[in-house]
Amino acid sequence: MAAETALIDVGILFAAVALAGLIAARINQSVIPFYIVVGMLLSPYVLGTVDFPALLGVDLIPHGSALALNGESEFIHLGAELGIVFLLFFLGLEFNLDRLLAAKHRIGKAGTIDLVINFGIGLVLGWILFGDFLAAFILAGIVYISSSAIITKSLIDMGWIANDEANPMLGTLVYEDLFIAVYLAVLSALIIGGGDISEALGSISIAMAFILVLLLVVYFGTAWFQRSLETDSNEFIVLRALGILVLISGAALALGVSEAVAAFFVGMAFSSTDHVHDLEQLLEPVRDTFAAVFFFWIGLETNPQLFIDVALLIAIAVVLTGPAKLISGYWGGRVYRLDERRSLRVGLGMTTRGEFSLIIASIAMLGAGTTLAEGTANQLYAFSVGYVLFMSILGTTLMQYSSQIESVVVPRLEGKSTSPQPSDD
Amino acid sequence: MTIYESDLPGVGKKYEIELESDERLVIVTHNTGKREIFKKDMQGADSEKIFELPDRLARKVGTILEGAYFQPVQSKRVETMLADETFIEWYSLSPESTLVGKPLKESNVREETGVSIVAIQREGELVSAPGPDTVLEGGDTLVVVGDRDDCRAFESLVSGTNE
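Chain order of the listed sequences is A and B.
Just so we're aligned: the first sequence equals residues 1 to 425 in the numbering used here.
Just so we're aligned: the second sequence equals residues 1 to 163 in the numbering used here.
Keep in mind that the hints were calculated from the coordinates and are not lab data.
Since this is a predicted model, take the numbers as computed values, not measurements.
Hints are not guaranteed to be accurate.
[Said to hold, decoys possible] Cut-off 25 Å, straight-line C-alpha distance, at most; resulting in silico cross-link-like pairs (DSS-like, lysine-lysine):
#	chain 1	residue 1	chain 2	residue 2
1	B	K39	A	K153
2	B	K39	B	K13
3	B	K49	B	K13
4	A	K104	B	K49
5	B	K60	B	K34
6	A	K153	B	K105
7	B	K39	B	K49
8	A	K153	B	K13
9	B	K13	B	K34
10	B	K34	A	K153
11	B	K40	A	K153
[What the hints assert, rightly or not] So the derived label-pair ranges between C-beta atoms look like this:
#	chain 1	residue 1	chain 2	residue 2	range
12	B	M42	A	V276	30 to 38 Å
13	B	S6	A	Y219	25 to 33 Å
14	B	F51	A	A315	42 to 50 Å
15	B	K39	A	S407	19 to 27 Å
Beta carbons are placed, not taken as given, at the ideal position from N, Cα and C, and that holds for glycine.
Given these sequences and hints, build the entire structure.
As C-alpha cells, then:
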C-alpha cells in the first residue's frame, strides 16, 4: 500500500511538471518559475490546507495534507539532490579552461565588473538587512549569479546566439560559473563548519584541500577518465558516468563537502576527454528531468505565506540588483567593444537569475538553527524563491521586449557617450 | 574571404563567414550536432535565421556544397528533364532500325511510343522542325520529347532490337 502511494506521488510530480512546462512553452516563458509554482501549489502549504474535495462535494478522493506532496519524501528529496549534481556536472563538462584562458582578458574584465558590482551590492544589502556576515555572504551569492540555463536557452530561442552579444553573455556566465564553484565550496564549509572562526577556517581548509585533491585527480586522471568510458554501448556509457559522478558526489557529501562542487570537478575531468559529446547527448535528458524535480522540490518546500514577510526584502533587492545587472552587463558589452544597442541587450539578458540562486538557498537551509539563525535561514530561503520567480520572468520578458526597450533607450545612450569606451586586449 | 570562429560555452561553436558584398553567413554548430544557419546583412546587423539541419543531414549537405558527394557516372545518353516527368532525350538511330528510310508520317512514332521527334541532327546539320515528309536515315540523332516510359519504348525502336 505504501509503495502504491509513493508511485502515484511520483506520477503526480512528473505530470504536474510536464503540464507546467507545456504552459510555459505556450506563453513563451522560461520553464523554471513554472516548475517552482506548480511545486508550491501541490505543497502541504497550499494544496494541503485547501479542502478541494469538500468544495466539490466528493468524499471519495483524499483531501487536505493526504493529497499534498511532501518535500521531505525520500524520492523527491533525492531527485532534487541529483538535479543539483547534474546541473553542476554539466557546468563542469562545458567549462573548458583552455577556452577561458584564450579569452581571459575580455572575460576577466567583463566578469570582474559583473562580480564587483553585483556581489558587492549583495554584500552591502545583506549586511544592512541582517547585520550578519554569513547571511550577507549568502544574499550576495543569490543576487550575483545569473542563470546559465535560462539565459543560454533564451539566447538560442531568440536567435541572439548568432549575434555579437552572445560572446560577452556566455563569457560572463563562464566566469560566474567558475566563481560559484569556489563560492559553494566556501559557503558549505561555513554552513557546516560551525559558528566560531577557527572552526569555520578549519572546514574551509578541508573544503579547499578536497578541491585541491579533485583538481589533481582531474589533472592527472584524464587518461583514466578517458578509458573509463571506452565502450560502444550507450547503456554502459550512461551507467559508468553515473557510477563515477554520483559516487564521487555522494562521497563528498558524506565527507561534509559540497556535492555540487564535487560534481563540477567530475564534469571538468570529463571535459578534457573525447566523451564530452556523448555525455552531453546522453545525459542532457537525465539532467533536465532531475533539474525539473529540483525546481519542483524548491516549490514544495516554499510556504507562499512567507513571501509576505520577505516581500519588502524582495522588492528592495529587485529594485537594486535588477538595474545593477543591467549596468554591469552593459559595461561588459562595452568591454567587448559592442555598440550601445548590443551592450544594452547584454544587460537585459544577464538580469535573469535562476537555478544557482536556488542551490545557494537550499545549501543555506542546511545551516538553519546552527550556523544561521532559524528565522534568517527561512527568510533567505523564501526570499530567494520569490526573487528567482520574479527575476527569471523579468529577465525573459526584458529579452522578448528588447527591441522596444532599445528604441527608447539607445538614442539617449548614444547622445551621452560620445567618446568610445576604453578597451585593451 | 575571412571566417571568424568563436566558442559559445555551453552551446557549441559559431562560424561567421564573410560573403561577397557586406553580407555574412553565420553557422552555429550546437553541441548536440544541430546546425543553425543565419544571415546578417552586414557585420553589426542582427542575425536572421534561415534554416537548421540535424547533424547527419548537415554533413550530407556539406559534402554536396563541397562538390564531393556526387560522382556522376558517364551516361550513355544525354537526358534532360523538362518538367516533373517529361524528358528531352537524344537518340542515335541505328541502321538496323525499322524506322530507317521511312518518312515521319509513316513511322507512326507518336502513335506507337508517345514521344514526339522535335529535331534531327544529321551530319553536323540540324533539321529543327522535321515535317511529315522528312525521311529518317541511319546514323541520325533524334531529339525527342516524352515521358520516361515513352522514351524507353522509343529507345528500343531506334536501336532496332524491337521488330
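Going through the hints against the structure:
1. B:K39 with A:K153: The given pair, whose Cα atoms are some 20 Å apart, holds under the 25 Å limit.
2. B:K39 with B:K13: Roughly 16 Å separates the two Cα atoms, so the pair holds.
3. B:K49 with B:K13: This hinted pair holds, its Cα atoms lying about 16 Å apart.
4. A:K104 with B:K49: Violated - the C-alpha atoms of K49 (chain B) and K104 (chain A) are around 30 Å apart, more than 25 Å.
5. B:K60 with B:K34: At roughly 13 Å apart (the allowed maximum being 25 Å), K34 (chain B) and K60 (chain B) satisfy the hint.
6. A:K153 with B:K105: violated (71 Å)
7. B:K39 with B:K49: holds (6 Å)
8. A:K153 with B:K13: Holds - the C-alpha atoms of K13 (chain B) and K153 (chain A) are around 15 Å apart, at most 25 Å.
9. B:K13 with B:K34: holds (11 Å)
10. B:K34 with A:K153: Roughly 14 Å separates the two Cα atoms, so the pair holds.
11. B:K40 with A:K153: holds (21 Å)
12. B:M42 with A:V276: 30 to 38 Å: For V276 (chain A) against M42 (chain B), whose Cβ atoms are near 35 Å apart, the range 30 to 38 Å holds.
13. B:S6 with A:Y219: 25 to 33 Å: Given range 25 to 33 Å: holds, Cβ gap about 27 Å.
14. B:F51 with A:A315: 42 to 50 Å: This hint holds: roughly 45 Å between Cβ atoms.
15. B:K39 with A:S407: 19 to 27 Å: holds (23 Å)
In terms of the numbered hints stated before, the structure departs from hints 4 and 6, listed from lowest to highest.
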